[in-house]
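Those protein sequences? They're chains A and B, same order as listed.
If you're matching positions, the first sequence starts at 159 in this note's numbering and goes up one per residue.
If you're matching positions, the second sequence starts at 159 in this note's numbering and goes up one per residue.
The set of hints was computed from the structure by calculation and includes no laboratory data.
It should be emphasised that the depicted structure is a prediction, and the values quoted were computed from it without experimental measurement.
Treat each hint with caution, since some may be false.
Listed next, the in silico DMTMM-like pairs over lysine to aspartate or glutamate satisfying Cα-Cα at most 25 Å (straight line) [unchecked claim]:
#1 B:K385 to A:D203
#2 B:K342 to A:E169
#3 B:K265 to A:D203
#4 B:K335 to A:D547
#5 B:K335 to B:D237
#6 B:K273 to A:E353
Number of protein chains: 2
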Amino acid sequence: MNIELINTGSELLFGRVLNTHQQWLCRQLTDLGYLVSRQVCVADDGPSIQTAVREALSRADFIIVTGGLGPTSDDLTRDLIAQLLGRKLILDIEILRQLEAYFTQRKRTMLESMKVQALVPEGARVLPNPNGSAPGLAMQSGEKWLVLLPGPPRELRPMFTASVIPILQRAFPLQSKFICRTLKTTGLGESAVEERIAGPLRPLLDAGLEIGYCARVGEVDVRLVAKGENADKLAADGERIIRSLLPSRIFGLNDDTLELAVVRLLTESGQTVALAESCTGGYIAHRLTNVPGVSRVFAGGCVTYSNAAKISQLGVHPEMLAAHGAVSPEVAREMAAGARRVFDTDFALAVTGIAGPDGGTDDKPVGTVYIALASATETTAQRHFFPFDRETFKFITSQTALDALRLAVTRL
Amino acid sequence: MNIELINTGSELLFGRVLNTHQQWLCRQLTDLGYLVSRQVCVADDGPSIQTAVREALSRADFIIVTGGLGPTSDDLTRDLIAQLLGRKLILDIEILRQLEAYFTQRKRTMLESMKVQALVPEGARVLPNPNGSAPGLAMQSGEKWLVLLPGPPRELRPMFTASVIPILQRAFPLQSKFICRTLKTTGLGESAVEERIAGPLRPLLDAGLEIGYCARVGEVDVRLVAKGENADKLAADGERIIRSLLPSRIFGLNDDTLELAVVRLLTESGQTVALAESCTGGYIAHRLTNVPGVSRVFAGGCVTYSNAAKISQLGVHPEMLAAHGAVSPEVAREMAAGARRVFDTDFALAVTGIAGPDGGTDDKPVGTVYIALASATETTAQRHFFPFDRETFKFITSQTALDALRLAVTRL
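Here chain A stands alone, though its shape is the one from the complex (with noise of 0.2 Å):
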């Protein structure tokens, strides 16, 4: 069985809008058990689409176009794929009216240019857009399914859970049990994930459990699929080896994120964070504050990228600067103390380096970075050496602070 995926919009080939419908709904798909074979973007213009959708009729079993479906002269996909399928296009009433009333919901004049959206091939289903005015559709060809999406996020995603979901597992029910769940670690890279795990998950990936890596900066995943009767039990069974062999590699399932484990972790645990960041300039704070109810662990941080910050707002020495300089073990940790004392909280981390790209010396080259922990025990630096650009530099050096700042509340 195959799917395959079209998105039209000729603002996709410009390069002026970034396609998160394909992130999305590929990984919806797969994570119910169903995998796309294929993703093509092409103009909105009447040839492209009509090209794009009769080459995947000819190899897909299950089709969705994203975009095209509005009242504006380049709204097209409606048009062109009724006549490719041969299909006259009717008025539906209830449509109109429902468009109607949407209209007159939010005080706005239904333009007659608008009445396109209540066309509907002949034998279509219409899909319901509580979120928007063009409902979508799905139509049967032979054996084979096209379904037609909005191209609004907030209107296709909630479209697609309620309506599209329910039709393609109706036509296509999967043959067998499917469980997809993926592991999060950091610390560690893919090919040192691997080297560790894929030797014991030998005999579970001969019984059929599949396994997947994936790699981004600081970040592995290892995602388990296993399908059939013993499905639960081979995805149980892999996620414990995994487990036991990366003891504390792992901080979350699925779509967590570092940060929010490490918010879950502190307020589990009743404890505190500050902030000292030098060369990631805000951007741990940053993470830490993207999670919801975080005011509950984070009193706050300095952004101290001066020597006259470092030693006004946390009461570093002078003199350690002048001994040792802004990048050193000592000065992270007299920031990470600093930190801790100021906004009276049971942890603080401090991070200073060099992000270039000017700044570096021979000892202490563009990349160096100290990441400092400050708890009630022990005041501890790492020195770190991440030779990447600005940005990549800034997220590793929070990833591994963070990171740090994880295990350190893990072991209490």
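Given chain A's structure and the hints, the job is docking chain B onto it.
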């Protein structure tokens, strides 16, 4: 002349990764006057990649393939395409030496498997990769070009700019002069921008100037495209008219960010800034510190989530907090004035608000925020209402704050 883009990688079709290559490459090409007619994403297996490349070769003149050039077992692109074109793979001694140097420099061992990255299809041109181990490849098949780029963005992007654009421009020179210039605006919605400039631009549009709008949260891009002999004059006239109609709303050109514009203005005028952030949680500091060289104008900032931190770090008066609450113009002004004093800068920005999802009241619902700006002459605060999800709230608040600073520095 047709350009097609093929993104390989099962993780894209599993929905684990967002396809940022598409947007970035399409944008670069569009800005140079080249249009991408189709983008396709396929799994990294033999049949999928070969079918996609074969189809693209039947339609397009210039084909860009991303991903699958690394050393692991699922990196098949190089092999598959050499096979498809009937080219032998030859070990390139120069690349091998560079690979060895790359690993030596990073104090890592080069595994035997890494050597596949030094294999080059007969007759292919090698595209150097200063940011990673796998070089890119460019090869001709008749009049057509096929370019293979590594998947990681920080390797792909510089390689595209340095090596691919020159090949493209030499092989397919534009038939006429092409100018694409994007004016970056903030502070007005898309319709408001269009309403102000569309009428006065009409004569230039009639003369062949093309204009496009792209709206994002907190920003609207106005894109001017002109072709042919009069291109320079048309684009220059268009820009002049738009600048006169939106005198204070344009902060930059093309890929400029608002934070870059602010750092540039501060640097030019020799002024400095400090920050006091509550609800943005370090995000403004993060944005500013993404700009290389920011340390000359940015002294530091405080992320004061708790009231205690606002008092101890910024000298906010406890009686102000008690009388007006943390989210008030009075406290915003004290935060800004405090940051300016503490960090000894020319300007200071402060934000205090309710990001949500909890914490709102009837009087100050979720989305309420005060932005204060302190300078040598005055300290003012503005109330705003940004009832959006947490990340959008942080972005638009930071955008509004940075724009207030930009305007203040511009007025100097």
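Status of each hint after checking the structure:
1. Simply put, K385 of chain B and D203 of chain A have alpha-carbon atoms about 22 Å apart, close enough for the 25 Å limit, and the pair holds.
2. For the suggested pair K342 of chain B and E169 of chain A, the alpha carbons sit about 17 Å apart, so the restraint of at most 25 Å is met.
3. Restraint check for K265 of chain B and D203 of chain A: the C-alpha separation of about 53 Å exceeds 25 Å, so the hint is violated.
4. Note on K335 of chain B and D547 of chain A: the hinted pairing is violated, with a Cα-Cα distance of about 34 Å set against a maximum of 25 Å.
5. For the hint pairing K335 of chain B with D237 of chain B, the CA-to-CA distance comes to about 39 Å; that exceeds 25 Å, so the pair is violated.
6. Distance check on the hinted pair: K273 of chain B and E353 of chain A sit about 19 Å apart at the alpha-carbon level, within 25 Å; holds.
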